[in-house]
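Those protein sequence lines, which keep their order, are chains A and B. Heads up, the final residue of the first sequence is numbered 1392 in the numbering used here, and it's a clean run with no missing numbers. Heads up, the final residue of the second sequence is numbered 477 in the numbering used here, and it's a clean run with no missing numbers.
For the record, the hints were derived by calculation from the structure and aren't laboratory data. Remember, predicted model here, so these are calculated numbers, not experimental data. By construction, the Cβ of each residue, glycine as well, lies at the ideal position given by its N, Cα and C atoms. One or more hints might be untrue.
What the hints assert, rightly or not - Covered by chain B, per the in silico footprint, the following chain A stretches (three or more residues, Cβ under 8 Å):
no., region
1, 1110-1124
2, 1378-1385
What the hints assert, rightly or not - Not everything, but these chain A residues come out facing chain B in the computed CB check (under 10 Å):
no., residue
3, Val-1172
4, Thr-1173
5, Asp-1174
6, Gly-1245
7, Arg-1246
To be verified - Among chain A residues calculated to face chain B with C-beta under 8 Å, some are:
no., residue
8, Ala-1311
9, Arg-1313
10, Gly-1349
11, Leu-1390
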Amino acid sequence: MTPRLLAHALLSLALLLPALPAHPNDFDYRLAPRMIAEGVYVLIGTTEDFSFANGGNIVNSGFIVGPAGVIVIDTGPSRRYGEQLLATIATVTDRPIALTINTHHHPDHFLGNQAFPADTLTATPETIRGIQSEGEDFNNNMYRLNGDWMLGTEVVVPGKTLAAGRTTIAGRALEFLHLAGHTASDLVVIDHDSGTVFAADLVFWQRAPTTPHADIPRWLAALDRLAAIPAQRWVPGHGEVSGDRSPIRQTRAYLEWLADTITRGAEAGLDMTEMLETPIPAAFADLSLVADEFRRSVTHLYPAAEQAALER
Amino acid sequence: MRRPNLPLLSLALLAGLAPASAADLQHTAALQAPPHPIVDPLGSPRWDDMRKLFFGDAPVVFDERVRVTAPRIAEDSMNVPVTVDASALGDARSVVVFADFNPIVKVLEFQAAHARPSLGFRLKLQQSSPVRAAVLGSDGTWRVGGTWITATGGGCTLPSAGSSSPEWQERLNQVSGRIWSRVDGGERVRMRIIHPMDTGLAAGIPVFHIDELALADDSGRTVMHIRPYEPVAENPSFTIDLPPGAASGGKLHVTGRDNNGNRIDAWVTP
Chain A
1081 MTPRLLAHAL
1091 LSLALLLPAL
1101 PAHPNDFDYR
1111 LAPRMIAEGV
1121 YVLIGTTEDF
1131 SFANGGNIVN
1141 SGFIVGPAGV
1151 IVIDTGPSRR
1161 YGEQLLATIA
1171 TVTDRPIALT
1181 INTHHHPDHF
1191 LGNQAFPADT
1201 LTATPETIRG
1211 IQSEGEDFNN
1221 NMYRLNGDWM
1231 LGTEVVVPGK
1241 TLAAGRTTIA
1251 GRALEFLHLA
1261 GHTASDLVVI
1271 DHDSGTVFAA
1281 DLVFWQRAPT
1291 TPHADIPRWL
1301 AALDRLAAIP
1311 AQRWVPGHGE
1321 VSGDRSPIRQ
1331 TRAYLEWLAD
1341 TITRGAEAGL
1351 DMTEMLETPI
1361 PAAFADLSLV
1371 ADEFRRSVTH
1381 LYPAAEQAAL
1391 ER
Chain B
208 MRRPNLPLLS
218 LALLAGLAPA
228 SAADLQHTAA
238 LQAPPHPIVD
248 PLGSPRWDDM
258 RKLFFGDAPV
268 VFDERVRVTA
278 PRIAEDSMNV
288 PVTVDASALG
298 DARSVVVFAD
308 FNPIVKVLEF
318 QAAHARPSLG
328 FRLKLQQSSP
338 VRAAVLGSDG
348 TWRVGGTWIT
358 ATGGGCTLPS
368 AGSSSPEWQE
378 RLNQVSGRIW
388 SRVDGGERVR
398 MRIIHPMDTG
408 LAAGIPVFHI
418 DELALADDSG
428 RTVMHIRPYE
438 PVAENPSFTI
448 DLPPGAASGG
458 KLHVTGRDNN
468 GNRIDAWVTP
């Protein structure tokens, strides 16, 4: 191509550009609330890792519309997500936000808090402490991972503590369980009217569980509690809604394998680099991000297992 | 930044190492044409600096038999697991490990007197970096292997957990360890030493690290000698393999000291 032709080609291309559709990354999460029971809505994120491509929308949030207001379960990974969640709630109901819950202190569950009325924000005391102590570091890391999707996102610590037990909020009968194991405090919301359990990150479905703050024995005990609840449907923290207990069974099986693999590796004297080379069993090979999460989990969990083996 | 300090390696040179294998000699032959510019397989812009710093004018080759195993992505920049294994080289005895982009590049040196020339340990990474091991052969040639590790960083300038807690002071230099029998008839030793391993790069916290460690059998014969530097992770843990018959008796004696002169003295048992 001659320089002149090249110039023409470039000019034509430049003229075309404004006519092309907008870059898909317009910072719109395209949140679409899905009604899974009367008055119960979920927004299902991808089963990916945080990235600029997904803006951090790898998480499930939800809301329950009561007679006198709306109960929001987790606010997402960014201010933009929180704002868009609030806007999408307004397309479903004009009732006010009555309660905004952060199920635990991981960043994809509370960094949308800014968008919600401050006096509705609530969490367990341990989760509030976790957001206070680790929230800033999480937020900085989320800027690094998700880029400009995070613009303007700041940590907002819930001001109200949420008690465990049965209660009525905005006219809707709810039950809160204070469990733990994924983190030091994992809140489960049960909507008895519809038989829906919001299991938060105690349950993952077709996506490998994450363990940066995990205590696996406590987590397994929490799964026992969850499995005993008579419910119609289960909303995991990550992955699709399920009409049965398959996600609980899968999360349990993975965590048992993980804990057993790590304990046995430490008892056999494996170095961490050898532990990292453990093949993923066929039963878990199809879980999203399983290779990445296994690597992370070894980093999180192996030092304590090694120490137990050395100090036996 | 401290200047490189290679007394162990000089010692190894003086003592003379076993003859290189035929494959080693081929590599050496390839280096006959001075000034032997070699292409860094890791493509690090710091390679030339590293080369000058660690090897001066000595011949250097990249050699895949110097294996550095580490996760491609470090989940925790304060504790990045690495295993260096030069046993495929035959008689490799002295090894130096460095990370091109760390503010303190030299991580550790070890001399596998009677142990296998391999070592598992953890290090702190300040940012993504190659981590390399270099082995000095009896022919005077350095053989270098390595791998890139992606890290979010901060590992060297963050305070240790120990520096903010008084508990470590009571347990400073305590060793927990264990010996396993290996199927080849040899033994594996794993040990962990309580120490903050402060780099001196975190504001207000002076440099404080273990700088000398030796593992001996119960006849007093040294089987492994390690010189850790600042980038070794807090509460250092090491994995060492002994070939069959390398150590007499069932237990091993760990001795050493930190840069403040605090002693390490413990026995590791099966």
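Structure-based check of all given hints:
With a threshold of 8 Å between beta carbons, the proposed coverage of the region 1110-1124 of chain A by chain B is violated, since 0 of its residues qualify and at least three are required. Using a Cβ-Cβ cut-off of 8 Å, 3 residues of the region 1378-1385 of chain A lie near chain B, which meets the minimum of three, so the contact claim holds. The restraint placing A:Val-1172 at the interface with chain B is violated, with a minimum CB-CB distance near 39 Å, outside the 10 Å limit. Hint on A:Thr-1173 is violated. Least Cβ distance to chain B is approximately 41 Å, over the 10 Å limit.
For A:Asp-1174, the interface hint is violated, the least distance from its beta-carbon to any beta-carbon of chain B being 43 Å, above 10 Å. At its closest, the beta carbon of A:Gly-1245 sits 36 Å from a beta carbon of chain B; the interface hint therefore is violated under the 10 Å criterion. The restraint placing A:Arg-1246 at the interface with chain B is violated, with a minimum CB-CB distance near 40 Å, outside the 10 Å limit. Given hint, A:Ala-1311 at the interface with chain B, is violated; its Cβ is 34 Å from that chain's nearest Cβ, farther than 8 Å.
Taking 8 Å as the C-beta contact cut-off toward chain B, the hint placing A:Arg-1313 at the interface is violated, the least distance being around 34 Å. With a least beta-carbon distance of about 4 Å to chain B, the hint placing A:Gly-1349 at the interface is held under the 8 Å criterion. With 8 Å as the threshold, the beta carbon of A:Leu-1390 comes within range of chain B, its nearest partner Cβ sitting at about 4 Å, so the hint holds.
Violated hints, in rising order: 1, 3, 4, 5, 6, 7, 8, 9; the structure is consistent with all others.
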